[in-house]
Every structure is written in structure tokens, then in C-alpha cells.
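*Asks:* Whenever a hint applies, use it, and build me the whole structure from the sequences.
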Amino acid sequence: MTAPANPERVLAINDLNVWFNTGRGAAQTTSHVVRGVTLNLAPGDRLGLVGESGSGKTTTILAAMGLLPSSAEVAGQILLNDRDILRGGEQTVAPHRWKDISMVFQGAMSALNPVRTIGWQIAEAMQIHGIAKGEDARHRVAGLLDLVGIRQTGASQYPHQMSGGMRQRAMIAMALACEPRVLLADEPTTALDVIVQRQILQLLVDLSERLNLALILVTHDLGVVAQTCQHGAVMLDGEVVEQGPVSDLYRQPRHPYTRRLFEAAPDIRAAATRPRAAADTDPRQLKADRLLSVNGLTVSYLRSRTFKDYFRGRHQDALIAVNDFSLTVARGEMVALVGGSGSGKTTALQAILGMVRPVRGSILLNGRDVSTLGHRQWRPLRRQVQMIYQDPYEALDLRFRVRSTLEEPLWAHGIRTSAKEREALVAEALDRVELSPADQYLNRFPHELSGGQRQRVAIAASLVLRPHLLLADEPVSMLDVSVRNGVLQLLDRLRSGSEMGILMVTHDLSTAAAYADRIVVMNKGRIVEQGGIAEVVTRPRDAYTKALLASIPDPDPEAGKGDPAG
Amino acid sequence: MTDERPQTAYAEPIANVGVSAVLRQAIRHRSALIGAAIVAFFVLLALISPLIEPYPTRETTCAVFEPPSPQHWLGCDDGGVDVLSLVLRGGRISMIVGAVATMIAIGIGATVGVLSGYFGGWLDIVLMRITDYFLVVPQIVLMIVIAAVWGPSLSHVIVVIGILMWTSTARLVRSQVKSLRERIFIKRAESLGASHFRIILHHILPQVGPLLVANTVLAITVAIFNETALAFLGLSDPTAITWGTIMEHAFDRAAVSSGAWWAIVPAGVSVAILVMGFYMLGKSIEDALNPRLEVSYLSIHGWKMRPLAGRGPDAT
Amino acid sequence: MRSAPYVWKRVGFALLTVYVSLTFNFLLFRVLPGSPVSRISRVPNASSELKDALIAQFGLDKSLGEQYLLYLQQTLHGNLGISYANRQPVIDNLVVAFSNTIPMVMTGTVLALVIGIVLGVASAVRRGGYIDHLGTNIAVLFYAFPTQFLGMMILIFFAGTLPSAGMSDPFAIGGSGWENLVDRIRHMILPVLTLVLTLFAENVLIVRSAMLETLGEDYILTARAKGVSRRRLIRAHALPNALLPIVTLVAMSLGTIVTGAILIEVIFSWPGIGRTLYMAVLKRDYPMLQGGFLAITIVVIAFNLVADLIYFKLDPRITS
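Residue numbers (my numbering), protein chains in the order written: chain A, 1 to 566; chain B, 1 to 316; chain C, 1 to 320.
Derived list of chain C stretches under chain A, where covered just means 3 residues or more per stretch with a C-beta under 8 Å from a C-beta of chain A:
id: 1; stretch: 215-223
id: 2; stretch: 226-238
id: 3; stretch: 305-318
Think of the hints as simulated: they come from the structure by calculation, not from any bench.
Backbone N, C-alpha and C fix where the C-beta goes; we use that ideal spot for every residue, glycine too.
*Replies:* Rendered as C-alpha cells:
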């Protein structure tokens, strides 16, 4: 290894371009995915690479690792200690891979080999690069696991035996196995719980400081960058449209896209103090307007009995998902149900939707108890409650055109109005979700729509039946940051000035604070706190609510700096 | 997960969208075209075989085991019957047996699979135990036993093959339906208030369709094999002319020791070509259904550096 | 211990399947319309004592329920009746037949598996290359030929050079042990060759697609990023994962193996279980047919159980 010629710069990506060729022969098309990206990193530098899906951010770091597929063509330089490792293609990149530049992949579950233990997979990297083997490797693995906060026994575990957060830590330990100088982390916290996310990010920051490691953090979340990195680079359509210190990006964004991204990130403090109409409503009137009233709801999943249980005469023990859950939603009100993954919030929603039978408790919908109804009795009532799902791409049947998707509820409920009336109902629903003129959308398939439009179509399909209650399960978490606000504002408009109430499940307290009238916080199947926005955000009583509040990555880099935990 | 990275590394390609889309994708492969052409050719031959058979199939028109000649292109069999005529006629019946048996098998398999996967619970447990049993039992032996008990007849052969071949289809369909059942768009349709019947008809079946098509095409190969095997063991109708009985007669009447390869080869090669056609077609559809096969992190070729004109020292 | 529930479940299922087969066997031969009721006792040229003994053993003069219980009892004691053909106990015939079949079929199956894995992996890792095209095309070609056709062609080609019927030379009595062994092996070559040609093709295709699917997994990319060499990547990362579907599919192809074995034994006059079954059909030897069916079923169930246990050993994710 040569001594770094320029100690100030360990990695430089210089005018990097990537093209992908699809198809063969005459049908071949080339797309220019990364366009002239230039980035510089000094040891200990943390750079956040921000962009939405398809912006080329992942392709950029895969190019730096030399891991692009054969359909890729690359131009430009990747300078490692001022030496171009890209020049000779695979042959010149390979020796540096993992040893000098290593990577934390997105989705540790699929990125780890399921039939090998964590210890084996980490030790393998050391063996291959001749760093350590046998007993020595075992010691080093133990040291690494300790460094990332995994117990000693973790080495002999298989990936499926670990929690999501632990797996991601193991992935980081593996990336550090050969003591690299640069670490590329590709969305290392997606699909993780907010609180776990914060821990993983904190770990990355600590490691970069302790090991003087240069870090590129790829993410779609500006808040994450602001809280963990010194520099940020914003990517749009394969180009870096703006880069600089995070405080500059936040305080004086030059590119309109950067500004839009920051505006899209809700500011929880401002939201908490926002005056709102619902607060003025007379509580007595609210009671009369009660649309949904859940009392003492308990839902449990039965674990199936094993042979052993039969022999020992053990009864089925239940895993209680939702415990003694009570909540109300009034007409025209939006209530946010906030909690981490596994808190039971989605199960509660499923119970209200009648898809899961509760063990105890009542669910009053327009004053009628629906908790004990069977499949057949529920069906006509489904008109009144409609649900919006997290991922619109998953929620829509991809073979259905927008028209069929919107007409399906009518068919399902036997509302066989004339073709003209159906047309009118569908057009009206599309108009309400601001997809007009309707003709432009009616004959499209879901894949011909953008993410935001897809979610709007899903919402429109729910509105066709004119429901009284709209349930929304993380309605924007799968959408690109820049379109989230639009969809949330739409939901906000739909319920205000109408009879429809909305119960929205979210993991994001700041979204809840920005749009809901009331917040209900859930943890481990129980409601731990509920109240008005200002109350919950500014004067949280429960420890879990406080932890949630603390784990929100603030887009303001200065925020939280005084916080000892941050 | 919706992150649409254009076929870069480590992104799962988007799921398939329906029968026609998958078929369109499959037909782009050369092997699918060849397979379809072969199958079409044989179907055509079967349809017009009565018109083009050069000699009657039940009469002696030449000497016993007469070698191929300009009069009898493929020679004659042990009874002095023209082999070309026999093979043309045999293909007809073999294909009917294969097709009908496959329809029975796919019908049972798809029904069991959809019911089991969609409704789950006790129905699933009962149906799957039955399926598991049929999967484990060596089917050819069961066929032999049933055919032996019932007596040799072509319709028995069809029914026996049909009712013993459905298990793998049931398993495949069940696992597909079971995973579809967990998909959000199915759950959404249910929460919308759609009936089970409607969901199965409009959402489940169209998704399972391409898989069933592939499975049907591949199952025909197995059905044709089974017919020839049963015929070879003397369990088919000995008077029916199928590719299986043609080979059986030849073996029985010592075509092998007489070196009369022409009594065996035409029927055997016909089976092989037809099976190959069905296999290529079915496999292409199956592969089009599995986008995972498109990605390989071990491809022989790697990414390339693009020579940039007019830049750096390499400028030309 | 993670192993207990899974292993017991599989063993339990195997035993249940055997029981179902026993019952099915009973019903098939006695209750089905037109089936040979009480044919067990109609051994040709049997003395009246033997007939009486069989009627007593199987309770052929009793009600169906009692017959069933007696049948189970007798079967558990290994009494499957007397073969019509040679008037020997069915069980003795079966033991001889299986001891002849197993060496031949095992050799063929193992060879086909080895060729299948080698060729399948080679095709998958050099996908789209020369080996892949050659490998898959040969595999599809051999997959498409019926076993009996391959067998007959091999007979025609090699009839003069290698022994083509039976297991040993009937005129070479009294040779040394070594000579007998060589004779045996020479007789095995053609049947085994046919079996290998029948089976390897499907294995190649199964292994190839299992490998291809595995090579598209994210952990393969991770391993590549770690610097794992091509060889090691195939051996230590891809193959252990690809083996899982391979084990399942090979277990499911046991049926093909049985079919192939029966046809091959008939063609090469190999005095194994397949030929025994074939002869039983020809001679309407129902006790033999019944016993053979039961025996093959149990053997296949046993191999399925083995496959389940191998799968369990290979996949740490299985807990129940």
C-alpha cells in the first residue's frame, strides 16, 4: 500500500458517468443514469448523498465499488489516494474492494447469506484479504461485533435469528472487517424502526469519528443527512445539482430542488404550534359527531400448538398484538396513530377494518358494534370504511386500468348503475383527488403513473363509495419526499369540510403533527399517550413518546446539537 | 422496495403483469418460437393425418420388417404395416391422450391449489395432506396397479394419468395463491367489499394464469411420456395405435434382435421432437415468469469503461 | 433443540403415509368394483391345506373390517401372501428383487446426480456461453427421449459388445468371486447407461435454474464485493443455497427414477423389482403386484424422508 499522497483527500469521484444498455441489437437503448458526478472526501468526512428513487445515487456508489452489471458503461475517475482505480476496469478496482473501500448494502436480510453464520461471513472477508484466519480471525470478529454493539454469541447466529437492527449492525461489522478507509452506506436504515434507525446512524457517526473513516451515506432523507453528515450532495436525474456543508444547504439552498426537498420535510416544532380549527370545536358537539368509537379493543394472534404442547397439555398461548385499545374519531377529524414497527398500530387498523377478529372490546361505527360481525355481515358495511395502503404499487392490481380500479368497488357492492352514471362517479372521484381531466388517466395502467399519482388513484378508488371513515396506513412512507406533502394535503382537504373522518397510521411523529388534529401514541400493543398536537409534541409525558421525538432527524443541522444524546 | 433503479445491481425487477404480457415476453426468446413451431407442426400433422397417410394402418402392405424404401419411406413393422402411416396415425392418438390427461390433471390441480391457497385453514391442511400423499407415492406403480385392476383401455389410461398427475400443479398453484393472498392488492379488494368469488376470478386467476399455461405445456410432456411407458408395459389398449404401442409392438416382436431400427426410431424420435417442442415453449414461459433469472451477479462479462472521445490523453 | 419438532413431524408424516398406502393397497385390491376379491387364496395348483391356511391367515371368510385388521397384522409380520407365479412367499421374492435392483439404480442415480450438478453448475456460471448452450441443449435433447426408446437404441448399438440381458452369464457357473463380480459389472453397464441418460438431463436443468436463481440474490453481490473469488463464490456461497431447491426437486423426481428403473429392467431383463412388477401384471399375479406396490411405495417414502432430513441439515432457517 502506498502512503496517501494527499492526506486531505482519501476518495475523489471525478466526472463519473454511467450508462445502461438495455435490449439487444437494433432494439438497444442506452440510458445515461449518472451524469458527471464529482465528489471529494477527506478521512473522517461524512458525505450525505441525497436523492429520490431513480436519481442515480445507488448507481454512483456501486460504480465506485466496481459492482455494476455487464449492461453498464462507465466513464470518469475514482481516485483513491489520488490513484485512479477505475482506469483498468474490474482488474484495478478488485484489489481495493472491501480492503480500502467497502460497503453497507441496503436490506441486510437479503444481503447476508442465509445459510452461513454471521461470524463465518465476517471472517471470510479477513481470510480472503489475508488479514487473519483461524483463531486470530475469531478474535477479530469478536472485536468487530463488540465495536458495533452485538453480543459475543452473535457470531454463531444465522442472519434470520437476528432482529433487523442487529443484522444491519452485523453488516456494518462485516464492512469494517478489512479496516477500510472509505465506507459507502446505501440506505442503511430503510425498513428499520425510527428508534433503531437513530441508533444505527449514531453508530456510523461514532465509527467514522473513531476510525477516521470517510463515509458516504446514501439516503432519501434530508433530516438524516443533516444530523449525521458534515457535507451533503443532492442528486436529481443522475446529476449532483448542489453540494456543500449541510448548514449551507439548509440555510441557503441555491437549487430549487434542494429547497423543495427541505420544504417537504415537516418541521415538527412549527407544526405543534400551528393554530387549528378542530381545537375550537365544542367538545359536546364532538361527542355527538362521533363516527368511530373503539373501546377496550384487544387483538391477539394465536401461536399454533406444537406436538410438545399437546403432550404437556399446554394451551395455546396468545401473542397479544393490541391490548385494551380505546380511541375515537369524529366526523371531519383526522387522528394520527403513531408508533414503531411491531407496536400494534397496523393490527389495530386491521381490526377496525374488520379484517382481524378482536378477542375483546367493541368497535362502534356510526353507533353500531361491528366487532362481532362475520365476513358476510361485514361486506355491505365495507362501503362505510375504506383503507389506503402504504405502497400504492402493491395495492393496485397492475393489470387493471385506472377506470377498472375505480369501477371495481361499484361492481363489488352491486351498484350497477348505468355506464353513464358510473363514468360520472369515477370522474368525480378522480376530480376530488386532483387528477383531472379524468380522460387523461382513465386508460392508464399503474406503471404508467408516478408514485404520487398511483396513491391518488388508490385514494380515489376508496372515495368512489363515499365512505364515512378513511383508514390510512402510512399513506406516504413509500412515496418520494417531494410528493409526500401533496398527498397529505389532499387527505387534509378531503376530510375538512366533509363528514369523512380519517384515522392515519404513521411511524413519523412529524407528519402526524403537521396534519392531524390529535395524536395517539402506541407502544408494544398499548396506547401510551394521546392528546392534541401541541400537548403531545411540546409536553410529552410518556418515555416512549420522548424517545420518538428525539429520534426524528431534524433537517436543521444545528438542531439537536446541544442535546447530549445527539 | 419501490425504488425503481433501472435494472442496476441488486434490485428485484418488477413483477409480471398478466398472461398476455408474459406470453409476449416469452415469445421474444428464440427457443419459444422454435417450440411453438414444432408443436404447431405436429398438431397440423395430426389434423390432416387421415389425408396424408400413404397406406392403410390396419392392413399388410409390405413384407415383415421390410427396410425403408422409396415405396415405404420408413419401412414396415412386424405385421407388414407401413411405419410412416402408423406414426402419423399414432401421433394423433398420443397427442389426444396427452392433452386430455393434462386437462384433467391441470383442472384438478388448479382447483385444489386455488382452494387450498386462498382459504387456508382446515381445508388447506386436508387438501395438502392428500396432495403430499399422491406426491410421495410412485405414480407409475400406482398407474400400473390401477391399469392392471381396471384392464387395458385407452380411456382408463387417460383417466389414470390425469388423476395421478395433478399434484405438482396443485402444490405450485397453492404456493403462488398463498403468496398472492398476502399481497396488498388482494387485501385491498377484500377490504373494498369484494366477494371471495370475485377476488378469485378477477385478481387471483389472472395472476396464476401464466404459471398455469407454463405448467400445462410442461405437463403435456409428462403425460405423453406416461402414455408411452404404460403402453410399453402392455397396459394400454393393445389395438389402439399410439407412439407408445408402436414401440411396444416393435420391442415385443423382436425388432431389436432383427436390427429393424426403423420400426422403433420414427415413433421414438417423434415423441422426442414433440416433447422438446413443448418443453422449450413451456420453459420459456416459466423463465419469463421468473424475473430473478434475469439478474446474475456472476455473469462472464463485467461493466466496461466507455472510451470518451475528445477527452484526456486518449482523445482521438 | 431446534431439530426435534421438525424431524418428528417428518417421521410422523412418513409413517402416516405408509399407513395410508397400506390401507389404500387393501382397498384397491378388495373393494374396487371388478377387483379380484379374495384372489390371495387362488394360488394355482395349490394344495387345499395352503388355501385353507391363506384363508385363515387373511380371514377371507370374515367381514371386511376383520379382513382389514388381519391384513394389517399379517403385513406387519411380513406376510404378503404367496406369489401365483412361483408359489414362493411374496416377501421372499421382493427381497431378492430389491437386492438386484438397488445396486443398479443407485449407481445410475448417483452418476446422473453428479453429472447433473457438474454440468448444471457449469452451465449456470457461464450463462449464455458455449458450455451453457451445449449443456442445456444436450440436456433438453435427452430429456425428450422416452426411456424405453433410449434403452432399445442402446440395445441395438451395443448388443454385440456388451451383455444385454440379465445380471450374470448363465453359462459362467463356478467362476471365482472376482470373475463373478466383473461379470456382474459388465452386465450392469448398459442398464446403468440408459438410466443415467434418462435421469441426468432433468438434473442438469434443475441444477442450472436453481443456480441461476441463487446467483441473482443480493448476498452473491455482497460476496463479490468482499472479494470472494469466482470459484469460492460458487462453492461456498451459491451452491449451498442452490442445493436446497435441488434436494426438493430431486426428491420429487423419485417417481421418474422408479419409472425409468421399471422400463429399463424390462428391456434388459434385469431380475429386479421393476421386472417383477411387470411379470406380475402379465401373469395377473395379484399378491405379487400388491406386495410390489407396497414395497416400492415404502422405499420411495423412506427416500423422501431422507431428502427432508438432508434439507433440514442444509437449511438453518427451518425450525418447525
